[in-house]
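Model the placement of chains B and C on the given structure of chain A, informed by the hints.
Residue numbers (numbering that gives the first Met the number 0), protein chains in the order written: chain A, 0 to 308; chain B, 0 to 356; chain C, 0 to 366.
The hints are simulated quantities; they were obtained by calculation from the structure and are not laboratory data. A couple of the hints might just be wrong.
Chain A residues, not near chain B, derived (Cβ > 10 angstroms throughout) [claimed, not checked]:
no.: 1; residue: 12
no.: 2; residue: 121
no.: 3; residue: 165
Covered by chain A, according to a simulated footprint, are these stretches of chain C (three or more residues, beta-carbon under 8 angstroms) [as the list claims (entries may be wrong)]:
no.: 4; segment: 32-38
no.: 5; segment: 179-191
no.: 6; segment: 224-236
Yeah, the Cβ is synthetic: ideal placement off N, Cα and C, and Gly gets one too.
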Amino acid sequence: MNASESIGWWGVVLGIFAGALRGGTPFLLVSLGECLTEKSGKINLGLEGTLLMGAMSAYAVSYHSGNPWLGVIAAFGTGAGLGAIHALLVSRPKVNDVAAGIAMLIFGSGLAFYLGKSYIRPSAPQLPALSLGGWSELPQLQAALKLSPLFVLGAGLAFLLSWAFNCTRWGLRVRAVGDAPVAALALGMSVKKVRFVAIVLGSAIAGLGGAHLSLFYPGAWTEAISSGQGLMAVALVIFARWRPVHCLYASMIFGGTQAIAPALQAIGITSGYYLWNAAPYVLTLVVMVITCSPKRTLAGSPGALGTSS
Amino acid sequence: MSTPALPPTSRRWRPALEAVALPVGAVLVALLLFGVFCAVQGANPLSVFKAIQRASFGSWYSFQNTLIRAAPLILTALCTALPARLGLIVIGNEGALVVGGLAATAAGLAAASAPPVVALTIMVLAGMAGGGAWIGLVGLLHYQRGVNETISGLLLNYVAIAVLSHLVNGPMRDPASLNKPSSYSFAETHQLGGIASSNVHYGLVFGVVFAVFAWVLMEHTTFGFKARMIGGNIRAARMAGLPVARLGITTCLLGGAAAGLAGMVEVAAIHGRANESLAAGYGYAGILVAFVARFRGLPIILVAVLLGGILASGGILQRQFKLPDATILVFQGIVFLCILFSDSLYGRFACFKEKTA
Amino acid sequence: MKHTRSLLLFATALSTAVAAFAAEMSVGFIYVGPKDDYGYNQSQSEGCAGIQKLPWLKATEEASVPETTAAQETMRNMIELEGASLIFPTSFGYFDPHILKVAKQYPKVQFLHCGGLYDATKHPANVGSYFGYIDEAVYVAGIVAGHTTKSGKLGFIAAKPIPQVLRNINAYLLGARSVNPAATVQVVFTGDWSVPVKEAESATSLINQGVDVLTCHVDSPKVIIETAERRGVYVTGYHVNGAKLAPKGYLTGAEWNWTKVYTDYAEAVKAGKTLAAGTIPHLVRGGLKEGFVSISPYGPAVSAAAKKDAEAAKAGLIEGSLVIFKGPLKDNTGKEILPAGKAYLQQDLALESMGWLVDGVIGGTKG
Chain A
0 MNASESIGWW GVVLGIFAGA LRGGTPFLLV SLGECLTEKS GKINLGLEGT LLMGAMSAYA
60 VSYHSGNPWL GVIAAFGTGA GLGAIHALLV SRPKVNDVAA GIAMLIFGSG LAFYLGKSYI
120 RPSAPQLPAL SLGGWSELPQ LQAALKLSPL FVLGAGLAFL LSWAFNCTRW GLRVRAVGDA
180 PVAALALGMS VKKVRFVAIV LGSAIAGLGG AHLSLFYPGA WTEAISSGQG LMAVALVIFA
240 RWRPVHCLYA SMIFGGTQAI APALQAIGIT SGYYLWNAAP YVLTLVVMVI TCSPKRTLAG
300 SPGALGTSS
Chain B
0 MSTPALPPTS RRWRPALEAV ALPVGAVLVA LLLFGVFCAV QGANPLSVFK AIQRASFGSW
60 YSFQNTLIRA APLILTALCT ALPARLGLIV IGNEGALVVG GLAATAAGLA AASAPPVVAL
120 TIMVLAGMAG GGAWIGLVGL LHYQRGVNET ISGLLLNYVA IAVLSHLVNG PMRDPASLNK
180 PSSYSFAETH QLGGIASSNV HYGLVFGVVF AVFAWVLMEH TTFGFKARMI GGNIRAARMA
240 GLPVARLGIT TCLLGGAAAG LAGMVEVAAI HGRANESLAA GYGYAGILVA FVARFRGLPI
300 ILVAVLLGGI LASGGILQRQ FKLPDATILV FQGIVFLCIL FSDSLYGRFA CFKEKTA
Chain C
0 MKHTRSLLLF ATALSTAVAA FAAEMSVGFI YVGPKDDYGY NQSQSEGCAG IQKLPWLKAT
60 EEASVPETTA AQETMRNMIE LEGASLIFPT SFGYFDPHIL KVAKQYPKVQ FLHCGGLYDA
120 TKHPANVGSY FGYIDEAVYV AGIVAGHTTK SGKLGFIAAK PIPQVLRNIN AYLLGARSVN
180 PAATVQVVFT GDWSVPVKEA ESATSLINQG VDVLTCHVDS PKVIIETAER RGVYVTGYHV
240 NGAKLAPKGY LTGAEWNWTK VYTDYAEAVK AGKTLAAGTI PHLVRGGLKE GFVSISPYGP
300 AVSAAAKKDA EAAKAGLIEG SLVIFKGPLK DNTGKEILPA GKAYLQQDLA LESMGWLVDG
360 VIGGTKG
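Next up, chain A with everything else stripped away, as it sits in the complex (with noise of 0.2 angstroms):
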């Protein structure tokens, strides 16, 4: 093996880390909209059909206009409709919101199938790469900090919400709407304005997500782009508590185990990668088990969620 052309084992090291970049993007992006959402008391199991709507949405776009960005702003936008669906499902009385989400996640597949079927076979012009690795003369590095400037977005996005749901009025709204709703109401807040917002905005930030797969990587829009992505999320905002910072981490984490099975074949480890495809959800529910307790719920977990209030 010529060691100026391939890296071996670091090539492992260096292909989850960036894999973890790569492919932890949509992670992030739709666990924050998760996380804003649930932050307000409320579940959406439909950001799966969101992730897909953003995608195609974003590739129609970018490929009619020729301006990626364009459809970065379509996926955004057809995020936040599909969001204001499931937001004014879920403010009826007696409306499951998990009920609401399976509803939407069909819903919104279908229509992404449905509307993308011209699109599969075009190429729509791609999102511009951040290249930070121009220092190194491995051409490898190179490619791995080659970043998505939607990853960028997204790990900003994570520091602002962290600081809002901290430090801002509206972050302490959210925040009072979903741990107590009642005593929300009493002072006057606005329950389902609240939410409407919460349930819009974090659609709208999963459909961002759709628009890294289809615009930056993979990088093209089928049918099978997002592959359960969008429902892992909802895992994964349990994993990181609710806390968007760690929403980051976590999305490297699942981002990176995607890399894990491809990175060791590559140097010629052939077992058991079925397997490995379970372990973000294993590791999850181990977290769960471990840091929960008959006596108090999960850690920064929003009072209302999952209760009918």
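Showing chains B and C alone in chain A's frame:
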């Protein structure tokens, strides 16, 4: 403790009418919306509706397709519906189905030399035990460790599917299953056949029996009464001395057993062995069926047949109208969104209100 | 615009529905995924579009049909509602139990399955199997890859270690080694037929390990071809021509030509031939010679020497003087597959249950 006072059921025909009229109205609205969607896409809505009707309920032949589609949905819906009566939102149906199917396969292969009736009985029990244990674990984690049951069920779905892939591509693989890795298959005599000479298999019977059992259990026994009490007010139930955890875990076991049975039917009546086609999405569809049927056993059968009919008509839209394959997903989405929305309209219409004396 | 197009579609749908009464024959096609996947299902759908042109025939298609009772339902519907007398369920997983079950119910209908084997002692008489020796086209692509690589490392991204896939991997290596004895093929299995993110991740890993020509066997090669182009390495395609996706790096590719196969079958059935009577053979196979498979036009990066060797191999495969799997041949664990002087001819059924990777392939055959 006191039983909540209910007016005599015979007099409450208006709410009963409401319970029928609202979902039916929702389906009509959904049809209208879907019709507009079709018209925009250039297909004549009326002929589309006619085709859907023809392919789902139009003849005994098409109704069989609807029933075949409905069978696994009834069973997976019960997996959500039973624990929901105690206030638990379980969505681990897909995982329970897969584990049930795997357990039934393992048992069926082990009992290959037993007489068919014995082997099939063992498979039914193994499937139910596998699925039951899977959702039982969800219940156990909820009551013992306070782990959110919705999320743990979702996570376990992925774990189950990964285990299935690992087993059928590796340790359980029949080397003769060349291009579609599968387990060894059961002898034809050890598979569940069709009902009489129809295309419908015994999974439908299992589903209906289990749904009726669930209905009787939840609506007409003290077990069900206690469960509903926990669902209504868990604190009051605890104070009344009900064994909340035991009842909850038992119900989870039962719900999981229903989904596990669906997995057993998939392997014993359809595939004749286990492979990755076991995870066909019946679990997720079942969750919606449960919610739309408001978790009651008998309505579940009706809703599953309705959804079965929708799914069975997907093909004709492609073949005769050249509509894309995703059309049926859009239709399904619209129907469920409308029905869920209609749930919030209960008590909103004066004509359904009981005139109070 | 979409609106008018759909209206047109509807109008044509109506007119074909009317024409169906006059047409003599109804044929059904079933695909496991969407029709526009730039891959396997698209190649099948192009085959269907090819025979639509026959004036006496009406073809109906149904896409995204899973390998469950849905497949049985579709086959029955095509027979009961559309009067199909010939059905092509194109996914391997449709065969057992779905085709077997429905074929028994409708003995007058011809069921032709893509990729399986036929066993007269076990399977109904009205079932047949067809497939193409695509490994011949993959072998030729391997020659071009072996010529073009600088690092000597080729990458192969595959879904699962099943016989059809292993045969292609081996043919790719043997093609490459025939012109570049030091070439190796590094395999990554993604575990499933359509997982774009993992496919892109696999492509990236392989490129990072020094691989400079990629190919694949997954449902849709689109993501892999585009990833290769973006990273500036070469790629050979699979299923359909992917040159548009990688104008610089696309060398050539192995393509299906199902129109030829389906036209042959349709004409045979029209002439009153049946599988049960033995007038249509139960097992039909064909390669470059029969026109079942072909190779994509060479891309700009292919050298004259590579073209010459590839064309020579193509000619050899067509006239039968070149055999892909011949001894001495060892697998990559050191076990002997074929001694010197022995060979597996293309028709040999041992090749259709292949469970080994030849020496020079880096990768395992277990899941």
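Checked hints:
no.: 1; hint: 12; verdict: holds, 24 angstroms
no.: 2; hint: 121; verdict: holds, 17 angstroms
no.: 3; hint: 165; verdict: holds, 24 angstroms
no.: 4; hint: 32-38; verdict: holds (count 5)
no.: 5; hint: 179-191; verdict: holds (count 6)
no.: 6; hint: 224-236; verdict: holds (count 4)
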